[in-house]
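Start from the sequences, fold in the hints, and give me the full structure.
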Amino acid sequence: GQQLNQSPQSMFIQEGEDVSMNCTSSSIFNTWLWYKQDPGEGPVLLIALYKAGELTSNGRLTAQFGITRKDSFLNISASIPSDVGIYFCAGPHTGTASKLTFGTGTRLQVTL
Amino acid sequence: NAGVTQTPKFQVLKTGQSMTLQCAQDMNHEYMSWYRQDPGMGLRLIHYSVGAGITDQGEVPNGYNVSRSTTEDFPLRLLSAAPSQTSVYFCASSYGGLGKDTQYFGPGTRLTVL
Chain R
1 GQQLNQSPQS
11 MFIQEGEDVS
21 MNCTSSSIFN
31 TWLWYKQDPG
41 EGPVLLIALY
51 KAGELTSNGR
61 LTAQFGITRK
71 DSFLNISASI
81 PSDVGIYFCA
91 GPHTGTASKL
101 TFGTGTRLQV
111 TL
Chain V
1 NAGVTQTPKF
11 QVLKTGQSMT
21 LQCAQDMNHE
31 YMSWYRQDPG
41 MGLRLIHYSV
51 GAGITDQGEV
61 PNGYNVSRST
71 TEDFPLRLLS
81 AAPSQTSVYF
91 CASSYGGLGK
101 DTQYFGPGTR
111 LTVL
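Protein chains in written order, with the working numbering: chain R, 1 to 112; chain V, 1 to 114.
Any given hint could be a false lead.
Unchecked claim - With a straight-line cut-off of 35 Å between C-alpha atoms, the simulated DSBU-like cross-links for lysine-lysine are:
{"#": "1", "chain 1": "R", "residue 1": "Lys36", "chain 2": "V", "residue 2": "Lys9"}
{"#": "2", "chain 1": "R", "residue 1": "Lys51", "chain 2": "R", "residue 2": "Lys36"}
{"#": "3", "chain 1": "R", "residue 1": "Lys36", "chain 2": "R", "residue 2": "Lys70"}
{"#": "4", "chain 1": "R", "residue 1": "Lys70", "chain 2": "R", "residue 2": "Lys51"}
{"#": "5", "chain 1": "V", "residue 1": "Lys14", "chain 2": "R", "residue 2": "Lys36"}
Unchecked claim - Incomplete in silico selection of chain R near chain V, CB under 7 Å:
{"#": "6", "residue": "Gly42"}
{"#": "7", "residue": "Leu45"}
{"#": "8", "residue": "Gly66"}
{"#": "9", "residue": "Lys70"}
{"#": "10", "residue": "Phe88"}
{"#": "11", "residue": "Phe102"}
{"#": "12", "residue": "Gly103"}
{"#": "13", "residue": "Thr104"}
{"#": "14", "residue": "Gly105"}
Derived by calculation from the structure, the hints in this document are not laboratory data.
Beta carbons are placed, not taken as given, at the ideal position from N, Cα and C, and that holds for glycine.
Below is the structure:
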């Protein structure tokens, strides 16, 4: 089946630093989604990417759809304490948008 | 709009007991899904539905049943709970279709099976 591997698994950064994380797949995805999960909550969609090579921003967040369609990247600039949480990449199974495969997550912790 | 609501928030069961996790959405979404999240892992799809009366299996369907009698509700049933079903369960809904696959997640149900 399709698998999504995220790296790093976790990271500690200082407030104000930039953050980069990535997601790779053994198969092609036509859509890449990035979610954030706060402690005790469900995931919330941050950015959606629909085209290879696409670069999309949402405030301090920027995500890119890799040109091979097998990877995606998420960058957070000037991190702040509320960026703490788990970031998941996800992609829909071929043929239906209701079946998402999720990555294993990157846990972000910010130190003051 | 309340979005996606889930009840209960917490539940403890004994092995062999049955129960139903409730999920409702008020956004008139056609697509609804159930996921489970285990420590250190991403969410895994249990069952999903593309509309009232239509359901299908996801990645980890064994031990779970679903039905979709209305657009709004998508309950998940555990017929005979097992410790391996201890997890956090999330329900999600979306309009569906390419470009409309933003899934909105509920707050989750934390289930412990003893």
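Hints, verified against the model:
no.	hint	in the structure
1	R:Lys36 - V:Lys9	holds (20 Å)
2	R:Lys51 - R:Lys36	holds (21 Å)
3	R:Lys36 - R:Lys70	holds (20 Å)
4	R:Lys70 - R:Lys51	holds (12 Å)
5	V:Lys14 - R:Lys36	holds (32 Å)
6	Gly42	holds (3 Å)
7	Leu45	holds (5 Å)
8	Gly66	violated (19 Å)
9	Lys70	violated (17 Å)
10	Phe88	holds (6 Å)
11	Phe102	holds (3 Å)
12	Gly103	holds (5 Å)
13	Thr104	holds (5 Å)
14	Gly105	holds (6 Å)
Checked against the numbered hints above, the structure breaks hints 8, 9 and satisfies the rest.
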